[in-house]
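Counting from 1, position 147 in the sequence shown corresponds to residue 147 in the working numbering; the numbering is continuous, with no gaps.
Rather than coming from a laboratory, the hints here were simulated on the basis of the structure. Do not take every clue at face value.
Simulated DEER-style distance windows between Cβ atoms [to be verified]:
#, residue 1, residue 2, range
1, G171, K274, 25 to 31 Å
2, G124, G191, 32 to 38 Å
3, R175, G121, 48 to 54 Å
4, R273, R230, 17 to 23 Å
5, A187, R26, 38 to 44 Å
6, V21, T185, 25 to 31 Å
7, W200, R230, 17 to 23 Å
8, P275, Y228, 17 to 23 Å
9, G86, P275, 38 to 44 Å
10, G86, D215, 33 to 39 Å
11, G217, K147, 17 to 23 Å
12, D178, T75, 44 to 50 Å
Taking lysine to any residue and the SDA-like style, the derived pairs with C-alpha atoms no more than 25 Å apart in a straight line are [what the hints assert, rightly or not]:
#, residue 1, residue 2
13, K174, D231
14, K174, R273
15, K33, H22
16, K131, A183
17, K131, P184
18, K33, D133
19, K131, A82
20, K131, R273
21, K33, I14
22, K174, G150
23, K131, D178
24, K174, W265
25, K131, T185
26, K274, L158
27, K174, V127
28, K147, K174
29, K33, V66
30, K174, L233
31, K174, G203
32, K147, V132
33, K274, V263
34, K131, W200
35, K131, L269
36, K131, G240
37, K131, M13
38, K174, S84
39, K174, G152
40, K33, N115
All values derive from a computational prediction rather than experimental measurement. Here a beta-carbon is modelled for each residue, glycine too, at the ideal position from N, C-alpha and C.
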Amino acid sequence: LTMASLWNESSAMILGFEPGVHPFSRLKNFIGKAVGRPARDCTADCADDAGSTANVASADGQPWVVLRNTPLSDTERTVQIANSPGAGDNTASLERNYGVASDRGREVRAVTLDNELRRRGLDGREVLLLKVDVEGHELAVLRGADKAIGEGRVPFILLEYGDKMSPAIWGAMKRRNDATPAAPTPALLEGPSLFRLQRWADGRGYDTYLLGEGDGGRAVLVGATGRYWRDSLEVCRDKGQKWSRDGRRWENFSAWDPSWSAVCWYDVLLVLRKPLEPQ
Numbered sequence: 001l002t003m004a005s006l007w008n009e010s011s012a013m014i015l016g017f018e019p020g021v022h023p024f025s026r027l028k029n030f031i032g033k034a035v036g037r038p039a040r041d042c043t044a045d046c047a048d049d050a051g052s053t054a055n056v057a058s059a060d061g062q063p064w065v066v067l068r069n070t071p072l073s074d075t076e077r078t079v080q081i082a083n084s085p086g087a088g089d090n091t092a093s094l095e096r097n098y099g100v101a102s103d104r105g106r107e108v109r110a111v112t113l114d115n116e117l118r119r120r121g122l123d124g125r126e127v128l129l130l131k132v133d134v135e136g137h138e139l140a141v142l143r144g145a146d147k148a149i150g151e152g153r154v155p156f157i158l159l160e161y162g163d164k165m166s167p168a169i170w171g172a173m174k175r176r177n178d179a180t181p182a183a184p185t186p187a188l189l190e191g192p193s194l195f196r197l198q199r200w201a202d203g204r205g206y207d208t209y210l211l212g213e214g215d216g217g218r219a220v221l222v223g224a225t226g227r228y229w230r231d232s233l234e235v236c237r238d239k240g241q242k243w244s245r246d247g248r249r250w251e252n253f254s255a256w257d258p259s260w261s262a263v264c265w266y267d268v269l270l271v272l273r274k275p276l277e278p279q
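Could you build all of it, start to finish, from the sequences and the hints given here?
Spelled out as structure tokens, the structure:
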């Protein structure tokens, strides 16, 4: 929303992807208020071959905020999306470990960022900021942007690291009254993890930072690449590290009831060490 208001009628384009029906409707309304004009539903003039129809807020006939009612992933295919049991649309995920039974979900058509950029004539253009919050499907979205990332066209990536990053972390966080870590060390965690994410990012020229908040709301960056990595940064590996020393007496909890499970998430920023010259 901040970018939409700052870049009003600029030459930049903002792309947004939201597969949920109700969240997408709310997103259109929020964007409309931010830019001072309602988003319009596209018809034949901005439909494409990727499945669902695009929705665009435009200035002088040119699209500059494009909202898609579809998810991003690593391949273009029909996928199942569902909320976590007993939870709202903000928990909807393409990952089967966290959604409800398949008969309670719905099918959606996923696209990749690389293909979406190509379809819109933006292949080769810089993606200033890629923000990804997709309930455990973050690494798949990055794989779907492999071309743009590999060409050094994405200087900043903001994504969520949390209990849905891997089934191992999810299981450890959700076990009732049990403080057993998901693995003895981050390197031994099965599946995706912050440890593996920072190594993946390092190999592509990015430094990884955990985002925190200091005194007075001041943003704090905690380095997590190379010599700055330490195992304690894999906070979601060990429920006891954040919520409890013994798994029975709880403290410092912020969401849900920690007597039966725990919630863990942090924002992670990837910064390209040698970005391309501004276009």
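Hints and how they fare:
1. The hinted window of 25 to 31 Å between G171 and K274 is violated, with their beta carbons roughly 39 Å apart.
2. Between G124 and G191, the C-beta spacing of about 33 Å keeps the proposed range 32 to 38 Å intact.
3. For R175 and G121, the Cβ-Cβ distance of about 49 Å falls inside the hinted range of 48 to 54 Å, so the restraint holds.
4. In this structure, R273 and R230 meet the distance hint of 17 to 23 Å, their C-beta atoms being roughly 20 Å apart.
5. Between A187 and R26 the beta carbon distance is about 40 Å. The supplied range of 38 to 44 Å therefore holds.
6. Checked against the given bound of 25 to 31 Å, the beta carbons of V21 and T185, roughly 42 Å apart, lie outside it.
7. For W200 and R230, the Cβ-Cβ distance of about 18 Å falls inside the hinted range of 17 to 23 Å, so the restraint holds.
8. Taking the beta carbon of each, P275 and Y228 are about 20 Å apart, inside 17 to 23 Å as hinted.
9. Our hint of 38 to 44 Å for G86 and P275 holds, since their Cβ atoms are close to 43 Å apart.
10. Between G86 and D215 the Cβ separation comes to about 37 Å, which falls inside the hinted range of 33 to 39 Å.
11. About 37 Å separates the C-beta atoms of G217 and K147, a value inconsistent with the hinted range of 17 to 23 Å.
12. Here the CB-CB span from D178 to T75 is close to 36 Å, at odds with the stated 44 to 50 Å.
13. Distance check on the hinted pair: K174 and D231 sit about 21 Å apart at the alpha-carbon level, within 25 Å; holds.
14. For the given pair, K174 sits about 37 Å from R273 by alpha-carbon distance, which is inconsistent with the 25 Å threshold.
15. Annotation: proposed proximity of K33 to H22 holds, straight-line Cα distance about 17 Å (limit 25 Å).
16. With a C-alpha separation of about 28 Å, the suggested pair K131 and A183 falls outside the 25 Å cut-off, and the hint is violated.
17. Distance check on the hinted pair: K131 and P184 sit about 31 Å apart at the alpha-carbon level, beyond 25 Å; violated.
18. Distance hint between K33 and D133 is fulfilled; the C-alpha atoms sit about 22 Å from each other, no more than 25 Å.
19. A distance of roughly 21 Å separates the Cα atoms of K131 and A82; the hinted pair therefore holds under the 25 Å criterion.
20. Pair hint K131 plus R273 holds up; C-alpha atoms about 18 Å apart against a cutoff of 25 Å.
21. With a CA separation close to 15 Å, the supplied pair K33 and I14 stays within the 25 Å bound.
22. Note on K174 and G150: the hinted pairing is violated, with a Cα-Cα distance of about 36 Å set against a maximum of 25 Å.
23. Taking the CA atoms of K131 and D178, the gap is near 33 Å; set against the 25 Å cutoff, the hint is violated.
24. Pair hint K174 plus W265 holds up; C-alpha atoms about 14 Å apart against a cutoff of 25 Å.
25. A threshold of 25 Å between alpha carbons decides the hint, and for K131 with T185 the separation of about 28 Å lies outside it, so the pair is violated.
26. Simply put, K274 and L158 have alpha-carbon atoms about 17 Å apart, close enough for the 25 Å limit, and the pair holds.
27. Using a Cα cut-off of 25 Å, the hinted pair K174 and V127 is violated, with the two alpha carbons roughly 36 Å apart.
28. The hinted pair formed by K147 and K174 fails the criterion: a straight-line CA distance of about 36 Å is larger than 25 Å.
29. Of the pairs offered as hints, the one joining K33 and V66 holds, with about 15 Å between alpha carbons and a cut-off of 25 Å not exceeded.
30. Between K174 and L233, the direct Cα distance comes to roughly 20 Å. Compliance with the 25 Å bound is thereby established for this hinted pair.
31. Straight-line distance between C-alpha atoms of K174 and G203 comes to about 32 Å, which puts the hinted pair past the 25 Å bound.
32. For the proposed pair K147 and V132, the alpha carbon gap of about 17 Å is at most 25 Å, so the pair holds.
33. As the CA atoms of K274 and V263 are separated by approximately 35 Å, the hinted pair breaks the 25 Å bound.
34. At roughly 17 Å between alpha-carbon atoms, K131 and W200 fall within 25 Å of each other, so this suggested pair holds.
35. With a CA separation close to 9 Å, the supplied pair K131 and L269 stays within the 25 Å bound.
36. Among the hinted pairs, K131 with G240 is inconsistent with the structure: their alpha-carbon atoms are about 29 Å apart, more than 25 Å.
37. Simply put, K131 and M13 have alpha-carbon atoms about 14 Å apart, close enough for the 25 Å limit, and the pair holds.
38. Our distance criterion of 25 Å between C-alpha atoms is met by K174 and S84, whose separation comes to about 12 Å.
39. For the hint pairing K174 with G152, the CA-to-CA distance comes to about 38 Å; that exceeds 25 Å, so the pair is violated.
40. Distance hint between K33 and N115 is unfulfilled; the C-alpha atoms sit about 29 Å from each other, more than 25 Å.
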